[in-house]
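Q: Two independent chains are provided; combine them into the complex using the hints.
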Amino acid sequence: GAGVSQSPSNKVTEKGKDVELRCDPISGHTALYWYRQSLGQGLEFLIYFQGNSAPDKSGLPSDRFSAERTGGSVSTLTIQRTQQEDSAVYLCASSPFGGDTRRNIQYFGAGTRLSVL
Amino acid sequence: GEDVEQSLFLSVREGDSSVINCTYTDSSSTYLYWYKQEPGAGLQLLTYIFSNMDMKQDQRLTVLLNKKDKHLSLRIADTQTGDSAIYFCAEKGRGNTDKLIFGTGTRLQVFP
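So the protein sequences, as listed, match chains A and B. With this note's numbering applied, the first sequence closes on residue 117, and no number is skipped along the way. With this note's numbering applied, the second sequence closes on residue 112, and no number is skipped along the way.
Just chain B, same shape as in the assembly (with noise of 0.2 angstroms):
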């Protein structure tokens, strides 16, 4: 079935690098997604990969996509307190749908 898994809990210290990873289940996967929930708030797409790239980089934002392994994995640079949030990976649902399919979210705390 389709599943997207995550680790539940990050912490890191201010300044230090962060590494969020999801594992996803669909190969056949076009697009894969980073949310950033803070609290009390809807999701913020952060960044997104298309499937025949190994690497995304966006300012602070490192994805890196291994296909093979079906993993996936947000680093942020020099985290800073107001990092702390959730972050969902997502991959697009099977056959013709737009819907997505979200992993359990990674609940990042950044002390300072």
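Isolated chain A, as found in the complex (with noise of 0.2 angstroms):
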């Protein structure tokens, strides 16, 4: 596809339940970034891949969520034991670069809506 691609659009789960967030990104994109956004803290950074690893997850906000990518493409972001405060749109976006001096323009996904019950 031509752009950022997240899955599902939407998804509503119970309290304590586990939940996986998938996001595909630009064909070619080396870098890959997690955000969420949500009423009370606005749009935060999650985490940032660089190829398969993680130079920065800084903003995981528990060591109930976690992050993966593999093939240098596809991130999977999971979220153990949902609590009603992780109940926000979690964005998904992809850059063609990496590193600190360059543009860096991040593409995003449409998000995907998580409410937890």
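Wrong hints could be hidden among the right ones.
Below, a list of computed lysine to any residue pairs in the SDA-like style, where the Cα atoms sit at most 20 angstroms apart [unchecked claim]:
1) 36(B) with 107(A)
2) 57(A) with 23(B)
3) 17(A) with 70(A)
4) 36(B) with 89(A)
5) 68(B) with 55(B)
Facing chain A, a subset of chain B residues (Cβ under 7 angstroms, in silico) [stated by the list, open to error]:
6) 36
7) 39
8) 42
9) 43
10) 86
11) 97
12) 98
13) 102
14) 104
Sample of chain A residues lacking proximity to chain B, with all beta carbon distances greater than 10 angstroms (derived) [as the list claims (entries may be wrong)]:
15) 16
16) 44
17) 73
18) 81
These aren't lab readings, by the way, just hints derived from the structure by calculation. Don't be surprised by glycine CBs; every beta carbon is placed ideally from N, CA and C.
A: Here is the structure:
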């Protein structure tokens, strides 16, 4: 596809369940990012991948959150034992470049809206 | 710490100019960005500016950068109802990371 694809677009789950959110970046993009958008916290960074490694995972809010990326492409964000405060829109972005001096234009997917009941 | 601030709301009449303001904290930021988010959609990059520039113009959009005051603004000329959205400014995080630090977002409402 032409853009960043995220699935599912909506996810409703019960408190305590585990969820997996998927991101398909733009083909050939080496960098991949996860962000979370919630009413109380705005748009916050979670984790960044360069290839399959994660140089910066400083935004993961707790050890219930983890992410992996395989084959330098698809990424999965996993939230274990979900809590109501995890309810948010989870956004994925990809970029053709990495490195701290490049333009780092990030292209975003439409997001996954997670609701924890 | 890293903090990017914006006013929350802006209302303008169709055809007028809109100016959305942003202040950032990291004076070493190399690039600064403006993103647009329409309801139910992801973020769309509108424009960006390199820190050695004072101004960048792209059709109806004008970005002004005041590095001394760490102030960034986005001017939309001839604002249309289709410009109604949330606008985020962003700077690159400090250090060896590619993360973006986003502002709180400004909700622009355009009245006919």
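Q: Hints first: check each against the structure and report whether it holds.
A: Against the structure, the hints:
1. Of the pairs offered as hints, the one joining residue 36(B) and residue 107(A) holds, with about 12 angstroms between alpha carbons and a cut-off of 20 angstroms not exceeded.
2. Of the supplied pair hints, the one linking residue 57(A) and residue 23(B) is violated, its CA atoms being roughly 26 angstroms apart against a limit of 20 angstroms.
3. Simply put, residue 17(A) and residue 70(A) have alpha-carbon atoms about 24 angstroms apart, too far for the 20 angstroms limit, and the pair is violated.
4. With a CA separation close to 16 angstroms, the supplied pair residue 36(B) and residue 89(A) stays within the 20 angstroms bound.
5. Note on residue 68(B) and residue 55(B): the hinted pairing holds, with a Cα-Cα distance of about 14 angstroms set against a maximum of 20 angstroms.
6. Given hint, residue 36(B) at the interface with chain A, is violated; its Cβ is 11 angstroms from that chain's nearest Cβ, farther than 7 angstroms.
7. Nearest Cβ of chain A to the Cβ of residue 39(B): about 11 angstroms, over the 7 angstroms cut. The hint is violated.
8. Annotation: residue 42(B) was flagged as interfacial toward chain A, and the flag holds, the nearest CB pair being 4 angstroms apart, inside 7 angstroms.
9. The beta carbon of residue 43(B) is positioned within 7 angstroms of a beta carbon in chain A (closest approach about 4 angstroms), and the interface hint is therefore held.
10. Restraint check, residue 86(B) versus chain A: the minimum CB separation of about 10 angstroms is more than 7 angstroms; hint violated.
11. Of the supplied interface hints, the one on residue 97(B) holds, with its beta-carbon coming within about 4 angstroms of a beta-carbon of chain A, less than 7 angstroms.
12. Checking residue 98(B) against chain A: minimum C-beta separation of about 5 angstroms stays under 7 angstroms; hint holds.
13. Nearest Cβ of chain A to the Cβ of residue 102(B): about 4 angstroms, under the 7 angstroms cut. The hint holds.
14. Checking residue 104(B) against chain A by beta carbon gives a least distance of about 5 angstroms; that is within 7 angstroms, so the hint holds.
15. No Cβ of chain B comes within 10 angstroms of the Cβ of residue 16(A); the nearest lies about 28 angstroms off, and the non-interface call holds.
16. The beta carbon of residue 44(A) sits about 8 angstroms from the closest Cβ of chain B, which is not more than 10 angstroms, so the claim that it is off the interface is violated.
17. For residue 73(A), the requirement that its beta carbon stay farther than 10 angstroms from each beta carbon of chain B is met, with the minimum near 18 angstroms.
18. In this structure residue 81(A) is separated from chain B by more than 10 angstroms, as the shortest Cβ-Cβ distance comes to about 26 angstroms.
Hint check: violations occur at hints 2, 3, 6, 7, 10, 16; the rest are consistent with the structure.
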